[in-house]
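**Student:** Keeping the supplied structure of chain A fixed, place chains B, C and D upon it in accordance with the hints.
If you want the building blocks of each chain, they are given just below.
There are 4 protein chains.
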Amino acid sequence: MKLKIEGIFPPIATPFVDGRVAHDRLRENLEKWNKTHLAGYVVFGSNGEAVHLDQQEKLALVDTVKQRLPQGKLLIAGTGCQSTAATVSLTNLAAEQGADAALVFTPHYYKAKMDNAALKKHYLTIADQANIPILIYNVPQFTGINVSPELVASLAEHPNIIGIKDSSGNITQIGEMIATTPPPPSFHVLAGSAGHLLAALALGASGGILALANVAPDECCMIFDDFRNGRYTEARKLQLKLLAANKAVTAGFGVAGLKAALDMVAYFGGDPRPPLLPLEEEQKNKLTEILKKANLI
Amino acid sequence: MKLKIEGIFPPIATPFVDGRVAHDRLRENLEKWNKTHLAGYVVFGSNGEAVHLDQQEKLALVDTVKQRLPQGKLLIAGTGCQSTAATVSLTNLAAEQGADAALVFTPHYYKAKMDNAALKKHYLTIADQANIPILIYNVPQFTGINVSPELVASLAEHPNIIGIKDSSGNITQIGEMIATTPPPPSFHVLAGSAGHLLAALALGASGGILALANVAPDECCMIFDDFRNGRYTEARKLQLKLLAANKAVTAGFGVAGLKAALDMVAYFGGDPRPPLLPLEEEQKNKLTEILKKANLI
Amino acid sequence: MKLKIEGIFPPIATPFVDGRVAHDRLRENLEKWNKTHLAGYVVFGSNGEAVHLDQQEKLALVDTVKQRLPQGKLLIAGTGCQSTAATVSLTNLAAEQGADAALVFTPHYYKAKMDNAALKKHYLTIADQANIPILIYNVPQFTGINVSPELVASLAEHPNIIGIKDSSGNITQIGEMIATTPPPPSFHVLAGSAGHLLAALALGASGGILALANVAPDECCMIFDDFRNGRYTEARKLQLKLLAANKAVTAGFGVAGLKAALDMVAYFGGDPRPPLLPLEEEQKNKLTEILKKANLI
Amino acid sequence: MKLKIEGIFPPIATPFVDGRVAHDRLRENLEKWNKTHLAGYVVFGSNGEAVHLDQQEKLALVDTVKQRLPQGKLLIAGTGCQSTAATVSLTNLAAEQGADAALVFTPHYYKAKMDNAALKKHYLTIADQANIPILIYNVPQFTGINVSPELVASLAEHPNIIGIKDSSGNITQIGEMIATTPPPPSFHVLAGSAGHLLAALALGASGGILALANVAPDECCMIFDDFRNGRYTEARKLQLKLLAANKAVTAGFGVAGLKAALDMVAYFGGDPRPPLLPLEEEQKNKLTEILKKANLI
Numbered sequence: 036m037k038l039k040i041e042g043i044f045p046p047i048a049t050p051f052v053d054g055r056v057a058h059d060r061l062r063e064n065l066e067k068w069n070k071t072h073l074a075g076y077v078v079f080g081s082n083g084e085a086v087h088l089d090q091q092e093k094l095a096l097v098d099t100v101k102q103r104l105p106q107g108k109l110l111i112a113g114t115g116c117q118s119t120a121a122t123v124s125l126t127n128l129a130a131e132q133g134a135d136a137a138l139v140f141t142p143h144y145y146k147a148k149m150d151n152a153a154l155k156k157h158y159l160t161i162a163d164q165a166n167i168p169i170l171i172y173n174v175p176q177f178t179g180i181n182v183s184p185e186l187v188a189s190l191a192e193h194p195n196i197i198g199i200k201d202s203s204g205n206i207t208q209i210g211e212m213i214a215t216t217p218p219p220p221s222f223h224v225l226a227g228s229a230g231h232l233l234a235a236l237a238l239g240a241s242g243g244i245l246a247l248a249n250v251a252p253d254e255c256c257m258i259f260d261d262f263r264n265g266r267y268t269e270a271r272k273l274q275l276k277l278l279a280a281n282k283a284v285t286a287g288f289g290v291a292g293l294k295a296a297l298d299m300v301a302y303f304g305g306d307p308r309p310p311l312l313p314l315e316e317e318q319k320n321k322l323t324e325i326l327k328k329a330n331l332i
Numbered sequence: 036m037k038l039k040i041e042g043i044f045p046p047i048a049t050p051f052v053d054g055r056v057a058h059d060r061l062r063e064n065l066e067k068w069n070k071t072h073l074a075g076y077v078v079f080g081s082n083g084e085a086v087h088l089d090q091q092e093k094l095a096l097v098d099t100v101k102q103r104l105p106q107g108k109l110l111i112a113g114t115g116c117q118s119t120a121a122t123v124s125l126t127n128l129a130a131e132q133g134a135d136a137a138l139v140f141t142p143h144y145y146k147a148k149m150d151n152a153a154l155k156k157h158y159l160t161i162a163d164q165a166n167i168p169i170l171i172y173n174v175p176q177f178t179g180i181n182v183s184p185e186l187v188a189s190l191a192e193h194p195n196i197i198g199i200k201d202s203s204g205n206i207t208q209i210g211e212m213i214a215t216t217p218p219p220p221s222f223h224v225l226a227g228s229a230g231h232l233l234a235a236l237a238l239g240a241s242g243g244i245l246a247l248a249n250v251a252p253d254e255c256c257m258i259f260d261d262f263r264n265g266r267y268t269e270a271r272k273l274q275l276k277l278l279a280a281n282k283a284v285t286a287g288f289g290v291a292g293l294k295a296a297l298d299m300v301a302y303f304g305g306d307p308r309p310p311l312l313p314l315e316e317e318q319k320n321k322l323t324e325i326l327k328k329a330n331l332i
Numbered sequence: 036m037k038l039k040i041e042g043i044f045p046p047i048a049t050p051f052v053d054g055r056v057a058h059d060r061l062r063e064n065l066e067k068w069n070k071t072h073l074a075g076y077v078v079f080g081s082n083g084e085a086v087h088l089d090q091q092e093k094l095a096l097v098d099t100v101k102q103r104l105p106q107g108k109l110l111i112a113g114t115g116c117q118s119t120a121a122t123v124s125l126t127n128l129a130a131e132q133g134a135d136a137a138l139v140f141t142p143h144y145y146k147a148k149m150d151n152a153a154l155k156k157h158y159l160t161i162a163d164q165a166n167i168p169i170l171i172y173n174v175p176q177f178t179g180i181n182v183s184p185e186l187v188a189s190l191a192e193h194p195n196i197i198g199i200k201d202s203s204g205n206i207t208q209i210g211e212m213i214a215t216t217p218p219p220p221s222f223h224v225l226a227g228s229a230g231h232l233l234a235a236l237a238l239g240a241s242g243g244i245l246a247l248a249n250v251a252p253d254e255c256c257m258i259f260d261d262f263r264n265g266r267y268t269e270a271r272k273l274q275l276k277l278l279a280a281n282k283a284v285t286a287g288f289g290v291a292g293l294k295a296a297l298d299m300v301a302y303f304g305g306d307p308r309p310p311l312l313p314l315e316e317e318q319k320n321k322l323t324e325i326l327k328k329a330n331l332i
Numbered sequence: 036m037k038l039k040i041e042g043i044f045p046p047i048a049t050p051f052v053d054g055r056v057a058h059d060r061l062r063e064n065l066e067k068w069n070k071t072h073l074a075g076y077v078v079f080g081s082n083g084e085a086v087h088l089d090q091q092e093k094l095a096l097v098d099t100v101k102q103r104l105p106q107g108k109l110l111i112a113g114t115g116c117q118s119t120a121a122t123v124s125l126t127n128l129a130a131e132q133g134a135d136a137a138l139v140f141t142p143h144y145y146k147a148k149m150d151n152a153a154l155k156k157h158y159l160t161i162a163d164q165a166n167i168p169i170l171i172y173n174v175p176q177f178t179g180i181n182v183s184p185e186l187v188a189s190l191a192e193h194p195n196i197i198g199i200k201d202s203s204g205n206i207t208q209i210g211e212m213i214a215t216t217p218p219p220p221s222f223h224v225l226a227g228s229a230g231h232l233l234a235a236l237a238l239g240a241s242g243g244i245l246a247l248a249n250v251a252p253d254e255c256c257m258i259f260d261d262f263r264n265g266r267y268t269e270a271r272k273l274q275l276k277l278l279a280a281n282k283a284v285t286a287g288f289g290v291a292g293l294k295a296a297l298d299m300v301a302y303f304g305g306d307p308r309p310p311l312l313p314l315e316e317e318q319k320n321k322l323t324e325i326l327k328k329a330n331l332i
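Chains as they are written, first to last, in our numbering: chain A, 36 to 332; chain B, 36 to 332; chain C, 36 to 332; chain D, 36 to 332.
In isolation and in its complexed conformation, chain A is listed as follows:
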């Protein structure tokens, strides 16, 4: 039976204390998130600082979240590595630990060589060998490459490739993906940022994986619920109201901003791992102001 990827998922921030992953802090956060309508969690996505974690730390995160995962919520792991083989290996280890699906970014170090042929072979190999379904992760702002709608349409034919998180913010492209792939639960197109959530839903997206959902899970779920229930005006108002806050915890202040915001809204955030720098006092003041305006604090 096909997994249904519907609704709002936060790519959860990884809490560090004294440089180590703080599983107790994570459990406290999960306790609160579990009370919301979030459809599940993404561990070690871009906002979870996947690139700052080693394999052991990643698997321990899967384990911790899995043990607190309420029935009906999904656990997705960000298992993309630069090499195909390493991605397959991590994906299956995460699956053993309890992950329901894997979110696999595009390999990108050799970006000029990551043409459709290379990416297609990469994803098909992974899909063939993975023990859980695969979601493509398109995030040009970090990788410097874009997954074309043509490639997505082709990959969507593989039964074990069940969707894409598109963080490009290119809404025309999101539309093209929706127009050229089978509908859920065969294939899911997911908004990659709260900034384009309503627009993506308006075109037929089945949900979103949203950094902002760490900090504002209820509000993000509300946009989704309002839209699904025909309350378009309310959805639009809330979408517009959240834009500044969303920008602050994504492009604006980045992962450090997301973590600072978590601290401000009574979750645990803490500092990112270096070389990411924590926010300076002035930046924190600005962030506080933005969150207040959005009624998040």
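Don't read these hints as lab results, they were simulated from the structure.
Any given hint might turn out to be false.
Remember, identical chains collapse to one label, so a pair may be satisfied in a single copy or spanning two.
Cut-off 25 Å, straight-line C-alpha distance, at most; resulting in silico cross-link-like pairs (BS3-like, lysine-lysine) [unchecked claim]:
1. K156 - K319
2. K321 - K146
3. K37 - K146
4. K272 - K39
5. K321 - K156
6. K37 - K101
7. K328 - K272
8. K39 - K70
9. K272 - K108
10. K319 - K155
11. K146 - K319
12. K37 - K319
13. K148 - K319
14. K108 - K70
15. K321 - K148
**Tutor:** Leaving out everything else, chains B, C and D in the frame of chain A:
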């Protein structure tokens, strides 16, 4: 009284025969467009090959369109030049010739110097000296620079700057502009391409200036009408159906593709001016196929 | 007989007083430049604010410089326009007025369509119809497109295309152009900025068209002379010494910086035309300091 | 005593057989390279597919090369990771295994946050904690970020940061780095590609880390020797002659091309790890032709 910029406008292609502007062909096109629900026309925008026209040719275009302009439809002229003074001059000449508003692209040759301070002074000077209202034109794919929502919010305070056409396709940014500017008729945020029309409307855009509206005026107007009248499902279906055709006449085949498509749908298109090359036979076949799939021929 | 393009040329700044071209100020500058070893002048290149000048102003500039041009120095005009036809027309008008050669930038508004086929046809058409020899002008920082060495090698076969100014700063590419085109006077590869002058000479460039040569004509000529006469150590020392000043009058402070520097070294600079903003006081102080360190004041 | 980084270093390709690192093949390659004037080796740089190797594989590579390293040649390890802590850890493990210096790329996943402050803290922390000297590795084509000359000048003050490999190809920037850092052995500016080797030497670079030196070690060393001994004409001729071959094994065909070329010139190359695809037959034919023209086969 403020001008209301609402609905769908095509940035009309400029017809050439034997290298000269073919006003008779333009009149024939206008006769057909005039029968649609188009809200007006943009002359010598990017799709009208403004950069391939001299000043005399531009003013003659204003004149020709003005003479066939039905009451209630608006005439907008693409008067942006690289220098502030030249833009003011062309804007006021177009106004004398009958233009209702001016669409002013960002100067961009010295792109590294076009920071907010330079762009702000440029637009404010123009707005002060122009005899018709100004629409900002943001088109990073041609200019290499982006107008930030912060700058737009600031420019929107000038009574003679009444809107923006944002062709960036960045729907989050379009949302930010809508969230931080006064509503129509004080300020209008317009979709810059049919690819993001529905998404922009869903966030509160008041219409669009769309290359595709040259070729598919009825369909573009239908998305607008469906949306405004609460027929969201129909709007979404039509939006998704038009994506491939829209891409073909914009990023895909460019101005030459737009003109070839006009010929295919029984308007006059003709060839663009060199260095733009006309479509090759194989490209035309592909375009025909795409237009057929979209039920445009 | 083929024109020989060898040595150092400044793309001269266009002086404005009260918004109009100040021909008297230009004549004063020329009087000083004429006493140096400069090989000639480029009028209305990028640093001459070509995009801020109308056709009449351009032709008047050719006239003024021609009348003061000492024998043996060349006059090159920046006649590139967006359309092929307009470029041909301006080139031949400049030729009538006395220009010895034309520097033709790549058309670039429709940059995605300016592939090798389009650019090749553009340049070949111009070369066929122009009454003076053509120099290709590659300046990606302003145009957003790059002329490939393959295209240059192909265009170099036309007898009326006699060289290229490459401002990309990509020294490998400059080497490729030198390696795949016939030597001067058949084809000349020219450095496009003083920052890569020595490197380009080391690979076989025949000279340079350098913004810095407006301000430091003697020093730029000295690098060329030192290199040609085997004084490599001296050439290298001077090259390294001028880097900061060169950056300041190009990428750093742009045309406004070049003009401010002219004023500082006892030429006439004045302000650029808007939307370019003149330097602020703090920027001027920084510029003064940089020029002092380079012993230019 | 300061390490002197002078001359030509290949960032050696990592040979794989049946998906595993083939240490015997590597030893055979080393035997041949050891007979040349190469100044040493870089293991697991970009061309060594660092991103496709796990830590154990990396350390085994250091060990294998160290055991065959002739006296006087240096062993440099590419120890850059995304996190500061992981980089320190890998650097010191490589040092224990025998590496003489570490080449540390810029962390880049969160590229928008890698400003001068973040990069400075990153490199200073590493330099403080590393047991071997650090070379900065600037490679915008892979990382999407550039290390500014200002930052380099500042980092060069740390006694344990002894140089930079700049692969940007921006020769003006290389000049700026040379002009603003102390001379070798305090700080070494190294060409990052054979395409700009001579140009960099002309400005004062102390050598180069060059993919092409895998395939054409003698020729790369010859350019260096010719230049150092005042044979400028010979150096220039050889530099121009190698440009096409260099492009083929770098930007042109990438790591797969470098490996195919190794096979063609009687070293062992083999295939890269997926997702990098091996060359197709047609590409191999083209590569053969290019290497023949450069007299490398």
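**Student:** For each hint, tell me whether it holds in the structure or not.
**Tutor:** Comparing the hints with the structure gives:
1. K156 - K319: Between copies only: 20 Å across, 44 Å inside.
2. K321 - K146: Between copies only: 22 Å across chains, 35 Å inside a chain, cut-off 25 Å.
3. K37 - K146: neither (32 Å within a copy, 36 Å between copies)
4. K272 - K39: between (28 Å within a copy, 22 Å between copies)
5. K321 - K156: between (45 Å within a copy, 24 Å between copies)
6. K37 - K101: The answer is within: 20 Å in one copy meets 25 Å, while 52 Å across copies does not.
7. K328 - K272: For K328 and K272, only the intra-copy Cα distance (14 Å) is at most 25 Å; the inter-copy one is 36 Å.
8. K39 - K70: Classified as within: same-chain Cα gap 20 Å, cross-chain 46 Å, threshold 25 Å.
9. K272 - K108: neither (28 Å within a copy, 31 Å between copies)
10. K319 - K155: between (42 Å within a copy, 22 Å between copies)
11. K146 - K319: between (35 Å within a copy, 21 Å between copies)
12. K37 - K319: Answer is neither; intra-copy 43 Å and inter-copy 41 Å both fail.
13. K148 - K319: Cα proximity of K148 and K319: across copies only (16 Å, versus 40 Å in one copy).
14. K108 - K70: within (11 Å within a copy, 54 Å between copies)
15. K321 - K148: Between copies only: 17 Å across, 41 Å inside.
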